[in-house]
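Chains as they are written, first to last, in the numbering used here: chain G, 2 to 116; chain Z, 2 to 114.
Mixed in with the good hints there might be a few duds.
[To be verified] Listed next, the in silico DSS-like pairs over lysine-lysine satisfying Cα-Cα at most 25 angstroms (straight line):
1) G:Lys4 / Z:Lys39
2) G:Lys19 / G:Lys71
3) G:Lys56 / Z:Lys4
4) G:Lys19 / G:Lys72
5) G:Lys58 / G:Lys19
6) G:Lys54 / G:Lys71
7) G:Lys71 / G:Lys56
8) G:Lys19 / G:Lys54
9) G:Lys58 / Z:Lys4
Worth flagging that the hints you see were computed from the coordinates, not collected in a lab.
Next come the chains, spelled out residue by residue.
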Amino acid sequence: DVKVTQSSRYLVKRTGEKVFLECVQDMDHENMFWYRQDPGLGLRLIYFSYDVKMKEKGDIPEGYSVSREKKERFSLILESASTNQTSMYLCASSPEITGSNQPQHFGDGTRLSIL
Amino acid sequence: AQKVTQAQTEISVVEKEDVTLDCVYETRDTTYYLFWYKQPPSGELVFLIRRNSFDEQNEISGRYSWNFQKSTSSFNFTITASQVVDSAVYFCALGSGYSTLTFGKGTMLLVSP
């Protein structure tokens, strides 16, 4: 089974802090994704990566950056956390970059609160 | 641009009732894929089914069934004899060869005993 592991289930940080959310997958997938989930808004794509050191902006990249130094690991970085970044963050991986034949596999999510 | 609409924000049923979750999609691609995911209270999105645009056969898996109709651009999901464990948020998603997955906003299903 595909396993996508997010480093924290719950995280509380302060405004202005630099925050790192880590995600690791064990299926040698080329592609990894970061989403945020908010009530009434569904899942919105922040960034994705199709190869090591490669990244592409999703629909809502402002205030975020990402890092992919190794194939299995994809980090989401909040450069200077703000209260409007309080949300549920979901990481996913897939052998396909597009929404093609293979589904994306998701981690358990990180509930991030910015105080 | 691709779009997925899940018009039902929240549905409440009593155990053993049948329930249908609606999903309507928009795409200009002729080849595309439709997905359903389940998100229980624990948070992880669980993949349920994938259907490609060339296969309009309905699918049944236990108490779950899916009705894909290209004529109405719909991919509806029915749970027969619902159970409390079916309580979750359900997402419909659309993908094609030229874009990342587009998710609907989700339907929260609450099944009461």
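In rising order, the numbers of the hints this structure does not comply with: none
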